[in-house]
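Asker: This is what each chain is made of:
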Amino acid sequence: MTGMSEQTVPAFARGTRLQHDRVRDQWIIQAPERAFLADPVAAEILRRVDGHTSLGGIIDALAEAFRAPREVIARDVLAMAGDLAGRQVLVSVT
Amino acid sequence: MTAASPPMSLLAELTHRCPLRCPYCSNPLALEPKARELSTAEWCDVLGQAAALGVLQVHFSGGEPMARRDLPELVRHASAAGLYTNLITSGVLMTPESLTALSDAGLDHVQLSFQDSDADTAEVIGGMKGAQLRKLEAARLIAEDGMPMTFNFVIHRLNAERVPAMLDLADACGARRVEIAHTQYYGWGLRNRAALLPTRSQLEATERAVAAARERFGSRIAIDFVTPDYYADEPKPCMGGWGERFLNITPAGRVLPCHAAETIPGVTFPDIRTSSLKEIWEESELFGMFRGTDWMPEPCRSCDRREADRGGCRCQALALTGRADTTDPVCRRSAHRGLIDAQLPSGDHEAAPFIYRPAP
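So the sequences go chain by chain: A and B.
One point on numbering: in our numbering, the residue at position 29 of the first sequence is 29, and numbering is uninterrupted.
All you need for our numbering is the position in the second sequence, starting with 1, plus 94.
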């Protein structure tokens, strides 16, 4: 997919956002002409996308918060960021 | 009756007024005059109800929704309620000022319709001189603003050859998505079917053009391809399920499971002026009518595709077989499939004249 490394600073593309769906109590990604479910792992990652923090920084924060091996978290985060870049949800600001 | 899960998507048809007269218009044959349109306050109330009920996205449509002067106010109200706001427009009324007002109001996305990449044919289809230049100017303004933009092309016999040029135009104008949507044959489209239905070889050429463009564009531009179901062996699932995800509100406030549902006979159409959206979605006869699979006749009832196909489109079953509760005749298992096959053009065909949609 689209190249996303730990140095990449991701941001939501204009017209996409993470939103909490109060009626169904779940996180969703709002995008042009479609809304799709963000599973709990994706939501933890995307809540930390602020246009300033690099993917490496997000990985550090998640490894800390969930006391999980960093390389496992890194693999999940980079795969998901690449997938969402391919779907025009995330862009790189770096 | 099957219980209702919350709706995802609202198509808000603000008006039937439109400067264009496309012969495949999705509006009903009987158009609402301006005097019957919901007021600004009524729409704001509806948008709040929709968000509370679970709707995630509102699509402002028409007619031409930019014919409503209160559109920025409605967008602002919808955005504040947490709804994702999409404008479905022909672009012919767009100015730098009106786009800025919409952008400031929080509009998330614009879907801009084109009748063709070729200006002359486009203006024959739309019935409006000078429309193509205005649309191109609207596209330039939207791209300059940076708002994400989808180009929509409705495909039929007269423009099917130019799908590659349409995709190039969308790319050159900065669209992030393109819809290559074959005409659907309801209402005006059905009335003009003999002039619009493409041949099988035309359809296959459009499929190849889309496949080639997907290869070329990669993830840069997403392409949605909508097939003309007359050439399919299985029907399209009705709106992802009748009364399951989608609702449509007409300019006069009737609430429908799809934009063609006003053709269903023998049922009262719920009115947002007299009932709440929640009551209509959960309890009305119309929304319960074809929800789930209990209503199905054979061959749907025992079919292994019943959950995927949903029996196909109720409005197409009605339009072609005279009954809304029969299997969609597109299905090869329908006893009425011959009604579809009889309409498929063979090769050499004469162009039938268009019956244009009038002003409301």
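Just so you know, these hints were derived from the structure itself, not from any lab.
Mixed in with the good hints, there may be bad ones.
[What the hints assert, rightly or not] If we take Cβ atoms under 7 Å as the criterion, some of the chain A residues that face chain B in the derived model are:
#, residue
1, Val23
2, Gln30
3, Gly82
4, Gly86
[To be verified] Derived EDC-like pairs (lysine to aspartate or glutamate); straight-line CA-CA distance at most 20 Å:
#, chain 1, residue 1, chain 2, residue 2
5, B, Lys128, B, Glu356
6, B, Lys372, B, Asp214
7, B, Lys330, A, Glu33
8, B, Lys372, A, Glu33
9, B, Lys330, B, Glu401
10, B, Lys372, A, Asp25
11, B, Lys330, B, Glu392
12, B, Lys372, B, Glu136
13, B, Lys330, B, Asp435
[What the hints assert, rightly or not] Short, incomplete list of chain B residues facing chain A, as computed with Cβ under 10 Å:
#, residue
14, Ala97
15, Pro100
16, Ala145
17, Asp202
18, Arg270
19, Val304
20, Ala305
21, Ile317
Glycine included, every Cβ here is placed at the ideal spot set by N, Cα and C.
Asker: So, for every hint listed, does it hold in this structure?
Answerer: So, going through the hints one by one against the coordinates:
With its C-beta approaching chain B no nearer than about 4 Å, A:Val23 sits inside the 7 Å limit, and its interface hint holds. Because the closest C-beta pair between A:Gln30 and chain B is about 4 Å apart, less than 7 Å, the hint holds. A least Cβ separation of about 10 Å between A:Gly82 and chain B goes past the 7 Å threshold, and the interface hint is therefore violated. About 4 Å separates the beta-carbon of A:Gly86 from the nearest beta-carbon of chain B, less than 7 Å, and the hint is met.
Pair hint B:Lys128 plus B:Glu356 holds up; C-alpha atoms about 19 Å apart against a cutoff of 20 Å. This hinted pair does not check out: B:Lys372 and B:Asp214 have alpha carbons roughly 46 Å apart, beyond 20 Å. With a C-alpha separation of about 19 Å, the suggested pair B:Lys330 and A:Glu33 falls inside the 20 Å cut-off, and the hint holds. Between B:Lys372 and A:Glu33 the CA atoms are separated by roughly 23 Å; this puts the pair beyond 20 Å, and the hint is violated.
Of the supplied pair hints, the one linking B:Lys330 and B:Glu401 holds, its CA atoms being roughly 12 Å apart against a limit of 20 Å. Restraint check: the Cα-Cα separation between B:Lys372 and A:Asp25 comes to about 18 Å, which is no more than 20 Å; the hinted pair holds. Restraint check for B:Lys330 and B:Glu392: satisfied, since their Cα atoms lie roughly 17 Å apart, inside the 20 Å limit. Pair hint B:Lys372 plus B:Glu136 holds up; C-alpha atoms about 15 Å apart against a cutoff of 20 Å.
A hinted pair counts as satisfied when its Cα atoms are at most 20 Å apart, and B:Lys330 with B:Asp435 qualifies at roughly 17 Å. Checking B:Ala97 against chain A by beta carbon gives a least distance of about 15 Å; that is not within 10 Å, so the hint is violated. Annotation: B:Pro100 was flagged as interfacial toward chain A, and the flag holds, the nearest CB pair being 5 Å apart, inside 10 Å. The interface hint given for B:Ala145 is met, as the beta carbon of that residue sits about 9 Å from the closest beta carbon of chain A, less than 10 Å.
At about 5 Å, the closest approach between the beta carbon of B:Asp202 and any beta carbon in chain A falls short of 10 Å, and the interface hint on this residue holds. With its C-beta approaching chain A no nearer than about 6 Å, B:Arg270 sits inside the 10 Å limit, and its interface hint holds. Below 10 Å, beta-carbon pairs count as interface contacts, and B:Val304 has none with chain A, the closest being about 17 Å; its hint is therefore violated. With a least beta-carbon distance of about 18 Å to chain A, the hint placing B:Ala305 at the interface is violated under the 10 Å criterion.
At about 12 Å, the closest approach between the beta carbon of B:Ile317 and any beta carbon in chain A exceeds 10 Å, and the interface hint on this residue is violated.
The structure is inconsistent with the numbered hints 3, 6, 8, 14, 19, 20 and 21, although it conforms to all the rest.
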